[in-house]
Amino acid sequence: MSVALRASFPAPAPFPASFPVPRGVVTALAAAGPVAVGGILAARAHDASPMLAAPAIVFGVVAATGPALYIATAAAGHAPPLSAVVRAFGTAIGAFGIALAGLILPAAFVALSSVSDGAALGAATGAIGGAGLLGLRRLAIELTAGAPGAQSALASRLVFLAWAAATVAIAGRLWWDLAVEVMS
Amino acid sequence: MIADAVLGSMPEAAPAEPVTPAAPRVLGPVSPLQMIELLLRDRAAMLARIHHGADLPAILRTMVATIAVTMAIAGAALGSYRGGAQIAFAAIKLPIVMLGTAALSAPALWAIGAALGRASRLAADLALVMASLAFGALLLVACTPLVMLGRSIDLPYHDMILVMVAMFAIAGIAALRMIIGGVAQEAASGWRTAVAGLCVVFSLVGGQLSWALRPYLVRPRTPEVPFVREVEGSLYDSIAGDVQSARGIYTRDRAPLGGARGTERGAERGAEQGAERGAERGAE
Numbered sequence: 035m036s037v038a039l040r041a042s043f044p045a046p047a048p049f050p051a052s053f054p055v056p057r058g059v060v061t062a063l064a065a066a067g068p069v070a071v072g073g074i075l076a077a078r079a080h081d082a083s084p085m086l087a088a089p090a091i092v093f094g095v096v097a098a099t100g101p102a103l104y105i106a107t108a109a110a111g112h113a114p115p116l117s118a119v120v121r122a123f124g125t126a127i128g129a130f131g132i133a134l135a136g137l138i139l140p141a142a143f144v145a146l147s148s149v150s151d152g153a154a155l156g157a158a159t160g161a162i163g164g165a166g167l168l169g170l171r172r173l174a175i176e177l178t179a180g181a182p183g184a185q186s187a188l189a190s191r192l193v194f195l196a197w198a199a200a201t202v203a204i205a206g207r208l209w210w211d212l213a214v215e216v217m218s
Numbered sequence: 106m107i108a109d110a111v112l113g114s115m116p117e118a119a120p121a122e123p124v125t126p127a128a129p130r131v132l133g134p135v136s137p138l139q140m141i142e143l144l145l146r147d148r149a150a151m152l153a154r155i156h157h158g159a160d161l162p163a164i165l166r167t168m169v170a171t172i173a174v175t176m177a178i179a180g181a182a183l184g185s186y187r188g189g190a191q192i193a194f195a196a197i198k199l200p201i202v203m204l205g206t207a208a209l210s211a212p213a214l215w216a217i218g219a220a221l222g223r224a225s226r227l228a229a230d231l232a233l234v235m236a237s238l239a240f241g242a243l244l245l246v247a248c249t250p251l252v253m254l255g256r257s258i259d260l261p262y263h264d265m266i267l268v269m270v271a272m273f274a275i276a277g278i279a280a281l282r283m284i285i286g287g288v289a290q291e292a293a294s295g296w297r298t299a300v301a302g303l304c305v306v307f308s309l310v311g312g313q314l315s316w317a318l319r320p321y322l323v324r325p326r327t328p329e330v331p332f333v334r335e336v337e338g339s340l341y342d343s344i345a346g347d348v349q350s351a352r353g354i355y356t357r358d359r360a361p362l363g364g365a366r367g368t369e370r371g372a373e374r375g376a377e378q379g380a381e382r383g384a385e386r387g388a389e
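Chains as they are written, first to last, in our numbering: chain A, 35 to 218; chain B, 106 to 389.
Hints were generated in silico from the structure; no laboratory data involved. Some hints here could point you the wrong way.
To be verified - Covered by chain B, according to a simulated footprint, are these stretches of chain A (three or more residues, beta-carbon under 8 Å):
1. 53 to 63
2. 130 to 144
3. 147 to 155
4. 166 to 178
Each residue gets a CB set at the ideal place from its N, CA and C atoms; glycine is no exception.
Take the sequences, apply the hints, and build the full model.
And the structure:
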């Protein structure tokens with residue numbers, strides 16, 4: 035019975051080792067990146083709240099919408115195993131953190147060397163938005179690799195696109211509201 | 106020769122065969138001068154050295170020094186159009202712009218590529234970007250006699266601006282081509298996105314840093330030149346302001362036009378000055 039149980043519930047996949055840096059560094063980058071982007075807005079607005087709000091938006095929105103992706107793809111009949119989906123999300127968040135690590139310095143430079151609030155907001159938004167899109171692309175790659183049949187399934191592609199659009203829209207709206215509030 | 110360097114003798118950008126183990130000539134230790142010669146004569150071998158991680162710290166040191174020296178020469182040449190202190194000012198500022206932009210932007214190539222599954226090392230990517238920029242900077246130095254020629258035949262200021270833009274375009278295209286060639290050799294997933302991301306980040310940071318440290322090319326009749334101009338916001342603020350002005354929306358109390366002086370001559374002179382200043386700012 036225990037063997038059957040183990041067979042139907044595969045062990046959780048380890049944190050992705052598909053990055054050229056140790057996983058501890060990937061975790062730290064993913065955690066610290068949104069805080070740093072929030073710090074750009076905080077430095078401009080002299081208000082520390084974006085440093086907490088930015089990671090809350092990123093991880094909160096992913097946590098809130100992530101299950102919907104699994105449910106919808108499963109309902110469409112092309113869902114990868116749950117462990118593969120969890121691993122894909124872990125990899126995508128790691129990719130988000132690494133990409134943000136590369137974009138944060140240029141964004142900080144552009145923001146801090148500009149006089150206007152608009153340039154600072156644009157730089158911070160570009161960095162976190164660009165990293166987010168790269169994370170979404172990595173998620174799509176990982177999900178496709180986790181379920182080879184899904185690559186050709188139009189339904190699963192449409193589900194992913196709809197989910198990604200909704201996730202970006204929700205996070206974008208929250209980010210915009212945050213920026214308007216702290217900059218005003 | 107420059108056209109050959111820009112357009113020819115480089116591997117195709119399309120994913121090629123993985124770099125084969127190179128001959129000892131390619132991977133063995135070489136002096137800085139030999140490394141620069143390798144960069145000019147055999148960029149495929151230089152890319153192989155970087156790909157194999159052969160003596161990356163030495164490559165980085167040599168390329169940083171090459172960029173610093175060559176950009177200083179190019180800056181001095183640009184400054185010679187006005188002469189005097191501007192020669193030294195531009196010779197100091199141009200290496201800062203190039204190296205500062207590279208330091209801020211190069212990690213983006215690695216980070217974006219790594220996020221998409223490209224297995225590469227940060228040091229190798231830094232070396233690739235620096236080697237490519239050094240190659241572009243060497244081509245820029247090869248073009249500097251054009252600046253001196255322009256000065257010697259009293260080429261008008263705006264024509265000199267166009268010459269400068271062409272020189273930097275040649276150097277930039279050559280550097281970009283070398284980066285694409287280097288990254289494409291790996292045939293790794295996400296390399297196109299990584300290169301595109303690097304281009305975007307490099308353009309934004311380079312534009313802002315060069316804007317902050319302007320001027321470089323100054324009219325010969327300019328009486329005094331500052332090391333850097335007063336902080337007037339960012340390049341993007343200026344572009345946004347110009348777009349608003351083009352739509353007839355002005356935020357300043359007075360435009361740099363002479364109409365307020367009340368005389369027709371003043372208005373004409375002011376309009377000329379305003380147009381010249383706008384063109385100069387846009388070109389710089």
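Between the segment 166 to 178 of chain A and chain B, are there enough contacts, at least three residues with CB-CB distance under 8 Å, for the coverage claim to hold? It holds: at least three residues are needed, and the segment 166 to 178 of chain A offers 5 whose Cβ sits within less than 8 Å of chain B.
8 Å C-beta test of the segment 130 to 144 of chain A against chain B, three or more residues: Holds, because 11 residues of the segment 130 to 144 of chain A bring their Cβ atoms closer than 8 Å to Cβ atoms of chain B.
Please verify the coverage claim for the segment 147 to 155 of chain A: does it have three or more residues whose C-beta sits within 8 Å of some C-beta in chain B? holds (count 6)
Given coverage of the segment 53 to 63 of chain A by chain B, checked by CB-CB distance under 8 Å (3 or more): holds (count 3)
Of the numbered hints stated above, none is contradicted by the structure.
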